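So you can see what is in the structure, the chains are spelled out below.
Number of protein chains: 4
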Amino acid sequence: MPAKLKTALLGASGYSGLELARLLERHPRLEKPALLRREGSDGAADLAQVFPELSGNGGYPLRALSWPELKRQGVELLFLATPHEASRALVPQAIAQGLRVIDLSGAWRLKEEQHRAIYSFHDEDTTIAAELAEKAVYGLPELAGDRIASAQLVANPGCYATSVILALLPLLKAGLVEREHGIISDSKSGVSGAGKAPTSRTHFVSVADNFSAYAVFNHRHLGEMVEQLGLNDTELTFTPHLLPIPRGILSTIYVRLKRPMQPREVELCLRSFYTGKHWVRVFATPQLPQLQFSLHTNYCDLGFCLAEDGQRLVLVSCVDNLLKGAAGQAVQNMNLMYGWHEREGLQ
Amino acid sequence: MPAKLKTALLGASGYSGLELARLLERHPRLEKPALLRREGSDGAADLAQVFPELSGNGGYPLRALSWPELKRQGVELLFLATPHEASRALVPQAIAQGLRVIDLSGAWRLKEEQHRAIYSFHDEDTTIAAELAEKAVYGLPELAGDRIASAQLVANPGCYATSVILALLPLLKAGLVEREHGIISDSKSGVSGAGKAPTSRTHFVSVADNFSAYAVFNHRHLGEMVEQLGLNDTELTFTPHLLPIPRGILSTIYVRLKRPMQPREVELCLRSFYTGKHWVRVFATPQLPQLQFSLHTNYCDLGFCLAEDGQRLVLVSCVDNLLKGAAGQAVQNMNLMYGWHEREGLQ
Amino acid sequence: MPAKLKTALLGASGYSGLELARLLERHPRLEKPALLRREGSDGAADLAQVFPELSGNGGYPLRALSWPELKRQGVELLFLATPHEASRALVPQAIAQGLRVIDLSGAWRLKEEQHRAIYSFHDEDTTIAAELAEKAVYGLPELAGDRIASAQLVANPGCYATSVILALLPLLKAGLVEREHGIISDSKSGVSGAGKAPTSRTHFVSVADNFSAYAVFNHRHLGEMVEQLGLNDTELTFTPHLLPIPRGILSTIYVRLKRPMQPREVELCLRSFYTGKHWVRVFATPQLPQLQFSLHTNYCDLGFCLAEDGQRLVLVSCVDNLLKGAAGQAVQNMNLMYGWHEREGLQ
Amino acid sequence: MPAKLKTALLGASGYSGLELARLLERHPRLEKPALLRREGSDGAADLAQVFPELSGNGGYPLRALSWPELKRQGVELLFLATPHEASRALVPQAIAQGLRVIDLSGAWRLKEEQHRAIYSFHDEDTTIAAELAEKAVYGLPELAGDRIASAQLVANPGCYATSVILALLPLLKAGLVEREHGIISDSKSGVSGAGKAPTSRTHFVSVADNFSAYAVFNHRHLGEMVEQLGLNDTELTFTPHLLPIPRGILSTIYVRLKRPMQPREVELCLRSFYTGKHWVRVFATPQLPQLQFSLHTNYCDLGFCLAEDGQRLVLVSCVDNLLKGAAGQAVQNMNLMYGWHEREGLQ
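Residue numbers (this note's numbering), protein chains in the order written: chain A, -11 to 335; chain B, -11 to 335; chain C, -11 to 335; chain D, -11 to 335.
Next up, chain A with everything else stripped away, as it sits in the complex (with noise of 0.2 angstroms):
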């Protein structure tokens, strides 16, 4: 039996954070993983004081990062669960470290200038943050396995950008969709995509029997979108809201084709996309995947109709935020790393 892998996680206070630190403790390859503790955060000594939760395992130490204490564990492969501002500081060392390093942050997702900018980054070596976001691979497996085999630095896919992405690349790349037509996206997250922060907008009396959009025409996980399916700016409308329920995406996307098709051809350019990979999966015309049936699970789940007209097309395209839509996803980036299956830890 080969040596287990030796890997660490910083920001597990995160609700990103704590999906992860399960996952990496319950996955067969892996050490106990070590939880790292950001400077300047609440010094909880164990993570069980911020999620009691977890109590009563024999506990979830905390310790402060420190890149020397990594090397004498001979941890190779580094999580950051933490702000795009710390993954932008931390990763350029953790680079030249020489660990392997899966962020799930914005930091590194971007491959354009003008997409970038929304995210005000403030590097230190300019020339080096470039260096690593040209190098960073966008850790969408159904993407691009290939590339994630064999990468330093993993930028983890948004939430939403993951079950968008998911659903169009198929149709996108057969080239069947009208591409000037303009495609829409209108998607709705749980609240713990916005995040853990107490905040008014986050308040439970705010949340409940309530239903909102925000950040139309301006949320960050756009360029992500845009860059990887190779479109324009303006052929993609993304429209965000907020969800009265924990957890979950559901993405309802509007597509026209550029030819009137028939409901099995569009099911067969899905299917075949997805033949061989295990978590995405197809639901056949007219059902449709309901959020819930993705949700404490890695599948992103993808339906669709077609009008009578053969050519008005809705996607509707699930995933849990928070294993699909981040700790799921970097695990099975994780996985694609070490040449282990793409299930392993994940079931």
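The set of hints was computed from the structure by calculation and includes no laboratory data. Be careful, since some hints might not be right.
Remember, identical chains collapse to one label, so a pair may be satisfied in a single copy or spanning two.
[Stated by the list, open to error] Below are the DSBU-like pairs computed for lysine-lysine, each with C-alpha atoms no more than 30 angstroms apart in a straight line:
1. Lys20 with Lys(-8)
2. Lys20 with Lys265
3. Lys123 with Lys(-8)
4. Lys20 with Lys59
5. Lys20 with Lys99
6. Lys99 with Lys161
7. Lys246 with Lys(-8)
8. Lys123 with Lys161
9. Lys(-6) with Lys246
10. Lys265 with Lys246
11. Lys184 with Lys161
12. Lys161 with Lys59
13. Lys59 with Lys265
14. Lys246 with Lys123
Note that this is a predicted model, so its numbers are computed, not measured.
Put chains B, C and D on the given structure of chain A with help from the hints.
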């Protein structure tokens, strides 16, 4: 002081009917409404048996429907909050009795045969049914106030239709929309819109922590929308979704403008159309209405975002499906029919 | 027609304050209330900036509190929906100006020093504070209607206290309860009771799909309950819990009766005590009120179940924490203070 | 490596059954379980037709129950997640076939006739039924681990009963509770506990934004609790409530101690009782478990608060009603019956 109007309501044991009973009870121009029981109903003698929250105000007795009895009491106006089959059978009788009728069902909303087909009506007298369907006024006060004022039969609009039509009317009337491009309404409704009958679909466990699309391309309200907006059937794509909340509708509507516009032009178009219309509120961009804002009110709230290209327009429209989408609108229609201010009894 | 009363409200930007502002706006005996801004508040010039759902009714301007200005306007009655520290500082000033005051905070509810200790008041003039605390009338209309009528300072009860006291009063006054056995109130409240400030405890993800007890044995409202019910501190065990809903309180109360009784005796005791009290509804056993029944009303709903042994009694009491538990009760108190019917402005 | 155990499950189309099917699928000691269809069920050929979220793992075929077929397959252990009437009829047959059985219903939990009366069983052969009822072991592993190990028929406890018994056992066994004073369990459950059949009570609109008590003094689980705890019927008052969440139970339990105690004594009593019991977690006072902490786990979480008088004790107990309250506990029981670690298949 003028004599108070005598009204009757059949169907108070449903969600919209209950809401309407409450509004009629409090309306300053009305006598206490006669609450009628449908034949074959569960036979409750008082509405407080169905809704215990009504206890303690002297009772809400339910009486069997009897045309002679209504005449004897001097009832002039009948509200029907009944399933469409029941309304289709009862309205000809009520009209023959000389009553004015506001029907909350879908029985009399549609003018065109191809849209009506979805309801599969079985009319006893097809000639009379056709005459009444012709005569019925679609009861959207902001669209057809004058015709409603003199109507004998008002077909109260569907909840989804109200939210979509009110958002699109100003721009379509002004000729600003590139209709051939196609309009999309991605609409989301609370569960009371699905009615009070318990089904596996309305089970709490099926709805909570969930979200789903349904009836894509074939929801009944689509016919109303295209008829009232003067669109061809393929020019409007309508996707309803089920929100895990009891009430409220938010529609996110995607429109291509014929020419690049400024946000203030769009705002002006909406505002000027609704000048003097109390129950539509236009929000100043970039502020968008949230579903919660219109809950428990008769408002339809409208807001929008315009892309930098000036042509991709996202409209957001919110109504309480049981008020502006049903019972509140019925009262607003009554106000018009009797020459009262449209706010009466709705504050 | 008598001149309308002039009132002012400080603190409309909280949940109870907003509810109170809405009630005062619609109250037929009042002029439009003056809405006052607290010093150091976020400085919104209009309440609709804080609550966009208030848009479109001509505005709710917020003005800085100024005693001379209130006098100039002829304001007679001041409502305070402020934190208890603020109320503790402002009430002496308001009383000195000759105003009558209804204070929704806990500042003036307690008569006994040992209960007051939990609030840690820092009074500028302890003599005046003690005098006012003595003079203040605990504003539970069903308990102290006469004294409220002539009060200058009304301390509006806490939401939990309202639900518990109203359930227990009739039986305790009738001497039916074995007090030494101990009484238990297991109470559950919606999240608006925790206030509008965003905290990790009120984050949607912390509350949704969750339920928890808190402040066991040391919640502030316990003092009010034992004082008003004439109990010793150890005779009442009070456990508040946080429900994953925006509003409403349900208390399940456990009492040992001194002697075996019949259900109809218990019902008679409750009913006779509340005869003529419009805002308390007694349900006939075995029907129990549900939290939902009293939402958006000023009712306190009471029901009960009696064990076969005739001595173990379970009472269920429901209020809307923002209405009968706060703003509605404040209006009810005003009605008493000015000799109006207790229903005025609350239907 | 030893041969894997062959199991069958009847009733996978209910909430507990689905959960159990998932656990059995993943259990490392088991072959893929045979999923059985009840006669007269809707006849789905695959469980994924009932629960589309199961799509994409090779299918979950449902087969009609046939004793010879089970024997042919070498099935040793049968799980029943059927209504109690069905279990009452099937268990004698299964036992006659030599199968071991874990029954999740209430059919075999009660030893005393007066408690069983509430179920109104209609046994075909009353002698055999009485023998089996006597022989059945109440399947609470922390209480009866040894007897479960050798049992042929395990009656899996009710969800409420699990939460209440585990909280009270240590203190009652230690003789610390003043039983005659009476014990109160105010328990709250999510909606999946009410089963999957759609009723007006489980309609989303009836549950959301609501909370209510039900079945006061006569819930079926009360019998189990008093039998297993060795209490008289009047010594335990049990009030179940319906929470607006899909799953989870929190019981708040009120106990009078015989003598004033220190918190650490209480904690020690709980901790020492559960030493070596993996699936009960005792929280250190004053920290209380929240319902959310045990969701999606097999833990029963216990915490407490002790009044200053040292005698009034409030216990808080949480379980996931579908796991520790049903399917998880069934797996834990199987682990005991086959000598495996109680954690196997439950992590």
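Here is how each hint holds up against the structure:
1. Taking identical chains as interchangeable, the C-alpha atoms of Lys20 and Lys(-8) lie at most 30 angstroms apart whether they share a chain (9 angstroms) or sit on different chains (28 angstroms).
2. Within a single copy, Lys20 and Lys265 get their C-alpha atoms as close as 28 angstroms, and across copies as close as 23 angstroms, so both meet the 30 angstroms cut-off.
3. Proximity of Lys123 to Lys(-8) under the C-alpha cut-off of 30 angstroms is restricted to the intra-copy arrangement: shortest distance 27 angstroms within a copy versus 48 angstroms between copies.
4. Within a single copy, Lys20 and Lys59 get their C-alpha atoms as close as 16 angstroms, which meets the 30 angstroms cut-off; across copies the closest is 43 angstroms, which misses it.
5. Taking identical chains as interchangeable, the C-alpha atoms of Lys20 and Lys99 are never at most 30 angstroms apart, the minima being 34 angstroms within one chain and 46 angstroms between chains.
6. For the identical chains of this complex, Lys99 and Lys161 are intra-copy neighbours only, at 20 angstroms inside a copy versus 43 angstroms across copies, given an alpha-carbon limit of 30 angstroms.
7. Proximity of Lys246 to Lys(-8) under the C-alpha cut-off of 30 angstroms is found in neither arrangement, the shortest distances being 50 angstroms within a copy and 54 angstroms between copies.
8. Taking the shortest alpha-carbon separations for Lys123 and Lys161, only the intra-copy value of 24 angstroms comes in at or below 30 angstroms, while the best inter-copy value is 53 angstroms.
9. Taking the shortest alpha-carbon separations for Lys(-6) and Lys246, neither the intra-copy value of 49 angstroms nor the inter-copy value of 53 angstroms comes in at or below 30 angstroms.
10. In the homo-oligomer, the alpha carbons of Lys265 and Lys246 lie at most 30 angstroms apart inside one protomer (27 angstroms), although the nearest pairing across protomers, at 42 angstroms, exceeds that limit.
11. Proximity of Lys184 and Lys161 under a CA criterion of 30 angstroms is satisfied in neither setting, with 37 angstroms inside one chain copy and 42 angstroms between copies.
12. Within a single copy, Lys161 and Lys59 get their C-alpha atoms no closer than 42 angstroms, and across copies no closer than 52 angstroms, so neither meets the 30 angstroms cut-off.
13. Neither within a single protomer nor between protomers do Lys59 and Lys265 lie at most 30 angstroms apart by alpha-carbon distance, with minima of 35 angstroms and 38 angstroms respectively.
14. Taking the closest pair of Cα atoms, Lys246 and Lys123 never come within 30 angstroms of each other, the shortest separation being 35 angstroms inside a single copy and 43 angstroms across copies.
Violated hints, in rising order: 5, 7, 9, 11, 12, 13 and 14; the structure is consistent with all others.
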